[in-house]
Amino acid sequence: MTEDFQKLTLRSKLAWDLLSQKPWIRVGTGLFGEASGSLQIIDEVYTAIKTNALEATVSEVGTSGLCYAEPLLDIQIPNRGRVIYGNVDPSNVEYIIKEHLAKGSPTKKFALATIDCHLEGIPKFKDLPMMKGQIRIALRNAGEIEPGDIDQYIANNGFVGLDRALSEMDPSEVLGIIKSSGLRGRGGAAFSTGTKWGFLAGNTAPKKYILCNGEEGDPGAFNDKAILETDPLSLIEGCILAGYATNATNGVVFIRHGHDAPIDRTNKAIDACYADGLLGKNILGSEFSFDMEIVLVGESYVAGEETALMEAVEGKRSMPRFRPPFPAAYGVWGFPSNINNIKTISYAPEIVRNGPEWFSSIGTDKSKGTAIACLSGHIKFSGLVEVPFGTSIRKIVEQMGGGDPNSKSIKFLQTGGPLGGVLTNDQFDMLLDFDEMAAAGAMFGSGGLIVCNQETSSVDLTRVLIAFDQMESCGKCFPCRLGTSHLLDILDRACLGKSLSGDLQLMERVGQNMKVGSLCGHGQLGYNPVASALKAFSSEFNQQMFGEGDIEIKKFVAPLHTRRGSQTLGETPTSIVKEDFTFEPKLEASQ
Amino acid sequence: MTTSQNVLREKARNAIETQPYKTITVLSSLLSVQDSIGWIPSEALEEVARVTSSTVNDVWGVASFYPNFRFTLPPKNSIEVCWGPTCHVLGAQSILQHILAEVGLENEGETSDQHLGLKLNTCLGVCPHGPVASFNHRLQGKMTKEKALRLTKSLMKETQND
Ligand SMILES: Cc1cc2nc3c(=O)[nH]c(=O)nc-3n(C[C@H](O)[C@H](O)[C@H](O)COP(=O)(O)O)c2cc1C
Ligand code: SF4
Ligand code: FES
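Taken in order, these protein sequences are the chains called Z and G.
Numbering-wise, the first sequence is residues 23 to 613 according to the working numbering.
Numbering-wise, the second sequence is residues 10 to 171 according to the working numbering.
It should be emphasised that the hints constitute simulated quantities derived from the structure, not laboratory data.
Mixed in with the good hints, there may be bad ones.
[Unchecked claim] Dumping the calculated DSS-like pairs for lysine-lysine here, alpha-carbon to alpha-carbon at most 27 Å:
id	chain 1	residue 1	chain 2	residue 2
1	Z	K576	G	K31
2	Z	K35	Z	K290
3	G	K31	Z	K131
4	G	K31	G	K85
5	Z	K498	G	K151
6	G	K156	G	K128
7	Z	K338	G	K31
8	G	K31	Z	K430
9	Z	K303	Z	K229
10	G	K166	G	K156
11	G	K166	Z	K576
12	G	K31	Z	K290
[To be verified] Not everything, but these chain G residues come out facing chain Z in the computed CB check (under 10 Å):
id	residue
13	E19
14	I46
15	V90
16	Q102
All values reported here derive from a predicted model rather than from experimental measurement.
Think of the CB as a built atom: it goes at the ideal place given N, C-alpha and C, for glycine as much as any other residue.
Chain Z extracted, bound-state conformation:
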C-alpha cells in the first residue's frame, strides 16, 4: 500500500465511523429522483429535521436502480439497521421521520424494504423481486454512498484497485488483468476491452487520451447516466487505471449537455480527486500522473460514435471521421486515443481489486461479468438490474421486472436502442449474452430493454425508431441521410393507411443500400429496427400496409427538425458571409 493511500484510508475510516454513529438519511436526488419528485422530498426532510430538532446526517445520493419505487427515503439508525420507504409522498415525510427517528418505530405502511433489521411483513432489500438475482459490480454503490465523497467511496473498497496497481504492478500487468478478465465493451459493439487498451498501449506517443463515452443518446438506455449520478468515482478510478495500463496522460468524460446531476456530480468528484492527490501529478505518490476533465456535447445521438465524439470534443459538428486512421493512432486533437463506454471503464476497479478470475467466473462462456439492463415501458418494476450474463430474458422481464403492470401479456422487447431490434415473447428463454442476442437479430447494445405489451403496434413503434434515426442522421453521407428519410416516408404512409404497392420491397432495397454505403454505424445499422420488426411481425406489417377493412390510423407529432431543412433557425446572421473566409485547422499532430 502506498503511504498516501494509507493516510486516506485512515481518514476514510474515521469519517465512516463518525457517519455510523448518527442516524443517516439518504434520498436519491439525481435525474431519476428529480423526475419522481424527490426534490420536494429532500426539502421536506431538511424541514422535518429542523422543526423537530432531530440529529441526523442527510445525504443526497443517486438512484439505487429501483426507479419504480422512487422517490425513496432511506433511514439508517446506528446499530438498528435501515428501513427504505418507497413511493414517498412529500406530505408523509415529516410523519415518517418523526416516527422513525424520534420514536424509534418505523412506519410499516410506507416501508418498502429493510436492511440489517427486521420489520414484520416487510421484505429484506435483497429479497425484493427486483433485487433477487442481481450481482452488483458497477452499481455496487448505487444509492449507498454520497456521489463523489472520497471517504465514503474508500470505506467501500474504493481506490484499493488503483492503489494496488500503482504500488504492486507495472502497466502491462494491469493490461494483462483486463485482458484475461474477458471484459468486453458495454457501449454497443462488445469489443474486447483488453485488446482495445492494447492498441493504445502499443503507441509510444508522449500524450495519449482515454475517452469515457457518456453520451448515451439511446432512448431506453440510462445506465451510464445512473453510474455518473450515483457513483462517479468508480468511473474516475477506472479511467485512471485505463490510463495507467496504457500509459495515457489525459482522461476526458464526455456527457450530454443538460443532464445536470450526472455532470455536476462527476465534476465534483474530479475536483475531490485532485484535492486528494488521486488525479494530477504523481498520483498517490507514484511516478504516474494523469489529468481528467469533462467535455459537454450538444444534443446529438451520433456524437456517441467514437470518431464523431472526437470531433465533438474538439468543438466541431459531431460528424464521424473516415477510418483509418483509427483512434489509437490518431484520435482527439490528433493524439492517440482510446474510447470506452462509461460502464466498461467502471468495471475496471473491481476487476483489478478482485482479480480477473473472479470476474471471468461470472457470466457465460464469451460474455463475462454482469450486464446492466435498463427496464422501461410496460413493466411493473422499472429501473436498473445488474445481472450476470446467462440470466434468462424471461427472468429479467417477468420476475425481476414483474411483467406488465396491468398483467397484460408482453408482446416483445425493443433492445439495443434505435439501431437495435426486437425480441418476441417466444424468444424470452434466451440467455442474456452478447453473441446469442446478436444472432437473434436483437443487439444487447448498451442495455436498454423497452418492454412492449400486447397493445403495442410494432409498425408504429418502428416508425418512431426510424423517425429518431432520420432526425439524428448527421447528414455527412447520403445513403444514411436520404435512406432514413425514405424509410420514414414509407413508414409514415403505412401508419396513415396509405401504403403503395411495392413499399416493402422499396424499404428492403433502401435498407440494403444504407448498410453497404454508409460511413458509420448509424447508417449501417439504421435498417435493423425495420428488418427485425418485419421478420417478427410480418403479418402485422402486411395488415397495416395492405390489409382489408379497418386499419388503425396513427397520428404522430414529430419534432420539426425530424425533417432537417424544415427547421427554422431564425434569421441567418448577415455577418455570416465573410469575404476573407479562412479555415485554419488547429490540430497539433502527435509527435
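Using the hints, position chain G with the ligands against chain Z.
What follows is chain G with the ligands alone, placed relative to chain Z:
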C-alpha cells in the same frame, strides 16, 4: 452600434470567459452562452469566433448543427415533451396532443406572445419514469393527461401574472 447590441456582446463575452470546463472550443463556448443568456445572438457568434480564432462561418456551422441552440429570444416558460420509444409506448403522443391543444399550438414552437414554448425531445434520459416531460426545466415523470394539463395550465397562468 446600439446599446442593446453592446450589452449582448458584453454578456456573451462574459459567458465565454467564465465557462466552467477546461477545454475551450467553439462548442463549449456556444453552450456556455446558451446557458447564461438563453439564446445565441449574432454578437455571440462573433465573440466565439474571436476567442476560438475561427471564423463566424465555422461557428455558425456548429451552432446550426446542434438542436440545443436557438437564435431568437427564448420564451418565458418552456415545456419539453419526450417522444422517445419508451415514452411513446406509454402514451406520450396523447399527452402531447393534449398539451398542444391547451397551449394552442400545432407542433413545436412558441405562443405568439412569446410566453410559452414547447419543444420535443428524443429522450429526456429518465425512461423508467416515462412518460416524461419537463416544465421550466424540472423533469416530471409518470405523466398523465391530467397531470400534464395541470402543469401546463400553471405555467400559462404564471405568464399572465407577469
Ligand atoms: C451512431 C452511434 C452511436 C453511438 N452511441 C454511443 C453512446 O451513446 N455511448 C457509447 O458508449 N457508445 C456509443 N456508440 C459506440 C461507440 O462508437 C463505441 O463503440 C463505444 O463507445 C466503445 O466503447 P466500448 O468498447 O466500451 O463498448 C455509438 C456508435 C454509433 C455507431
Ligand atoms: S452513416 Fe449517417 S450518421 Fe453516420 S456519417 Fe453517414 S450520415 Fe452521418
Ligand atoms: S424515451 Fe422518454 S425519457 Fe427516454
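Now the hints, each set against the structure:
1. Z:K576 <-> G:K31: violated, 47 Å
2. Z:K35 <-> Z:K290: holds, 21 Å
3. G:K31 <-> Z:K131: violated, 49 Å
4. G:K31 <-> G:K85: violated, 31 Å
5. Z:K498 <-> G:K151: violated, 37 Å
6. G:K156 <-> G:K128: OK: G:K156 and G:K128 at ~18 Å, within 27 Å.
7. Z:K338 <-> G:K31: holds, 16 Å
8. G:K31 <-> Z:K430: It is violated: about 51 Å lies between the C-alpha atoms, which goes past 27 Å.
9. Z:K303 <-> Z:K229: Holds, because 14 Å separates the two Cα atoms, which is no more than 27 Å.
10. G:K166 <-> G:K156: holds, 15 Å
11. G:K166 <-> Z:K576: violated, 32 Å
12. G:K31 <-> Z:K290: Within the cut-off at roughly 14 Å; holds.
13. E19: G:E19 check fails; min Cβ-Cβ to chain Z is 18 Å, beyond 10 Å.
14. I46: Given a least distance of 15 Å, the restraint on G:I46 is violated.
15. V90: Since chain Z brings a Cβ to about 9 Å from G:V90, closer than 10 Å, the hint holds.
16. Q102: Cβ of G:Q102 sits 6 Å from chain Z, so the hint holds.
Going down the numbered hints, you'll see the structure goes against 1, 3, 4, 5, 8, 11, 13 and 14, while the others check out.
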